[in-house]
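Student: The primary structure of each chain is shown beneath.
Protein chains: 2
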Amino acid sequence: MNTATTPNPALLQQLKDILPEEAILTAKEDLHPYECDGLTAYRHLPLAVVLPTTTEQVQLILKTCSRLKVPVVARGAGTGLSGGALPHEGGIVLSLARFKQILEIDTANLHARVQPGVRNLAISQAVDHLGLFYAPDPSSQIACSIGGNVAENSGGVHCLKYGLTVHNILEIQLVTIDGELMTIGNDRQDTPGYDLLALLTGSEGMLGVVVEVLVRLTVKPDTVQVLMADFAAVNDAGDAVAAIISKGIIPAGLEMMDNPAIRAAEDFIHAGYPIDANAILLCELDGTEDEVSEQVARVSAILKNHRAGTIHIAKTAAERARLWAGRKAAFPAVGRISPDYYCMDGTIPRKHLAHVLNKINDYSQQYGLGVANVFHAGDGNLHPLILYDANRTGELEKAERFGADILELCVKVGGSITGEHGVGHEKLDSMCVQFGEAELEVFHAVKRAFDPDELLNPGKAVPTLHRCAELGAMHVHHGQLSHPELPRF
Amino acid sequence: MNTATTPNPALLQQLKDILPEEAILTAKEDLHPYECDGLTAYRHLPLAVVLPTTTEQVQLILKTCSRLKVPVVARGAGTGLSGGALPHEGGIVLSLARFKQILEIDTANLHARVQPGVRNLAISQAVDHLGLFYAPDPSSQIACSIGGNVAENSGGVHCLKYGLTVHNILEIQLVTIDGELMTIGNDRQDTPGYDLLALLTGSEGMLGVVVEVLVRLTVKPDTVQVLMADFAAVNDAGDAVAAIISKGIIPAGLEMMDNPAIRAAEDFIHAGYPIDANAILLCELDGTEDEVSEQVARVSAILKNHRAGTIHIAKTAAERARLWAGRKAAFPAVGRISPDYYCMDGTIPRKHLAHVLNKINDYSQQYGLGVANVFHAGDGNLHPLILYDANRTGELEKAERFGADILELCVKVGGSITGEHGVGHEKLDSMCVQFGEAELEVFHAVKRAFDPDELLNPGKAVPTLHRCAELGAMHVHHGQLSHPELPRF
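Protein sequences, first through last, are from chains A and B.
For what it's worth, the UniProt record's numbering labels the leading residue of the first sequence as 1, then goes sequentially.
For what it's worth, the UniProt record's numbering labels the leading residue of the second sequence as 1, then goes sequentially.
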């Protein structure tokens, strides 16, 4: 699958009428950088990559593709982790990389109008001097673009308190596959008609192409404090998380790491993590000075009640940064101790944390593959990193099966197969575990409402019923798992 | 339109196979209580009203209606203000009034599983002893049901801080027009596939019938404080609202009333409002004790900077309740000074508050009808109450035209035609002002994806393109008003 199909001559000619020659890539060496996104296990070369700079060009490109029935995969920064931007071999990649202007910053209304190719972190940097920031902060925020964030409904460490992308955008300009430009949403809370803004956010490029985003800006808190607690028992750490949330305390971040993740991160970053702990919790609290000091006291008491060992409160901004640096570098840290790793992304109800960790350890024994666990614990979003060596025959396949087992376990305990990385190409089969026929049929009907010829990112996010049927009867229907081999948890 | 059409005999027979006889109403006197919702200006008798008690019955009823092509209007408590539950003369009303069980309260996960007929306030009452509440609080919360809240995406005084219904529900059980039961959403923040939970919330009964709701519970704040400030100039009050929000302070409620509304409420409730003020602001702040006292100081300073006269801080819980009682009774209070009133519901950007109020006063002169204004000022949601006398020939029509002018003005300044009451039957024409052809076509396509025969609440919420065309070229396309007679604001 590494050879580009010869582009449709009519398509190329019509693209040349829309775009300058340098904005159309067709040479194989130019296409290679676009063959995959952050999930590098899957690669395809597209027919061509186009790099428009105006909304009108995007409209004309989509009109052309619609007329010629050519698939289109929109692409932001290509940092996605589920293959959502994997090219279609018979289609084009529509890169939004040149849409990188911040068009307006409105401090009175606390919003900014930006083009989709603007990097996530660039928004916060542009408004930093105004005491503001853009809240969603995926780990890839240095590189990932706001258009990609909308497509994936990205979260990050701070989404526990500040919400996902959908809670932090107000309006988008969308181009449909017919080339129509639409304004979806407005700068108020509610909007007449169906809530298309929420429907489109997280729709993985399947329903339209976003060419402008009105994002909500948040006022920076006066005070920030970070606590680290270590635990001898993973169960206790999990219970502490549930207890904090059930007291109505919403930390700005609440992260958990298990021993292999702690060791890997500490060895790499020297963050000051206790390498003998079986789990640590990192808890960030923000707000006014009084509010934060009160919350620090309440959280500390809860941690102690749940048998935390040492509770360490960062004394300086530098120390806070170092504690987070360990967590944020956990993925590359694990990359140092294993030739390859496979990053999973699932969610579970917080109360099942300990049980799920124990099961993951069982699977680890069973497959003979190591695993390091990193969580957005506050919202039950699990990132097990499965360690393997792609050069050993069969290990990739074992890692994939191990990963699928973890996702199935997430569904079984009442969670879901993706927390923030999307379905993309990677998790199509897992969607058959998550949803029944009726739900999948509605997804397909919604897709057809926007894109009847299925030209936008075809084959992603929602599996065909046929594909699910081939996998076997692994359906969760009305929240009940009906796979015959799996006992109901 | 006050006579019931003879019911389809096949329909009645099949309903009798599903429901006990007492759960099927067909006698004219039994149908009358269902002829309208809170918007009493429009009334129709349905063929029949059905009152199921189980999900299976709802599934069978919808399957039957689907097969016989009979329209179905689902109904909660009937408190809606836009005619969303107005019956269809050729169809049945599906009342969810008997679905009134609270099925589960889960304090660890801060959620409750309830049936759709449960009253909004009943949820907060059921969890009050646990220190919890359900945040959305429409004025009708004593009577309105959670199913209706989902259909309308209801807000309330506290939605500024705590969000609308969509931000406070986690999962719904939905029956489609085919009788399929689906689980939409989960108890995590993100969900794989398209965000159908948000799409369905506020969809006004057009896409499916909700038979169960998992609502989020919120921990009650330690401390609550209410400020009242009076202003000689409405502009100053409007600017103060914008200033509070732009400082990143999110009050639990921020309400504004103009002089006619103040006088009517004071005369009725004796809340202690200053009857000579041209505007008052009511501002509720909640949180921990330290946080609230700090916010009270900051808000007071902002109010003074914007030429507030007296800033009064309620000293007791009883006084806080009295200040709110005046606001909450503003509608019936206005009902005491005018034989009839027409409650409008639009949103505007906060910065245009003063301009819009001035224009509303101009219209008031022009139509010769009084108006009292009540706002959810913090989120720019406007409730002008147009005063008229239905017994005077032509006054109802004048009030309706006045109302339509106000909504058009809202769109013109960048707002929208509904803040929280929905489109229903009332605002179909205004939807033609708000949206262009491309947007309306997408709405219709989404409707067809769920309900291809258009049997669920037909004729509501989204106007046909034909209807809009008949109204003339009053389109806002891409946020630009293209009505030739209206200068761009």
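None of these hints come from the bench; they were simulated from the model.
Hints may be right or wrong, so weigh each one.
Remember, identical chains collapse to one label, so a pair may be satisfied in a single copy or spanning two.
With a straight-line cut-off of 30 angstroms between C-alpha atoms, the simulated BS3-like cross-links for lysine-lysine are [unchecked claim]:
1. 328 x 28
2. 220 x 247
3. 359 x 412
4. 328 x 412
Student: None of the hints should be skipped; say for each whether it holds.
Tutor: Against the structure, the hints come out as follows:
no.	hint	in the structure
1	328 x 28	neither (35 angstroms within a copy, 67 angstroms between copies)
2	220 x 247	both (24 angstroms within a copy, 10 angstroms between copies)
3	359 x 412	within (12 angstroms within a copy, 58 angstroms between copies)
4	328 x 412	within (29 angstroms within a copy, 46 angstroms between copies)
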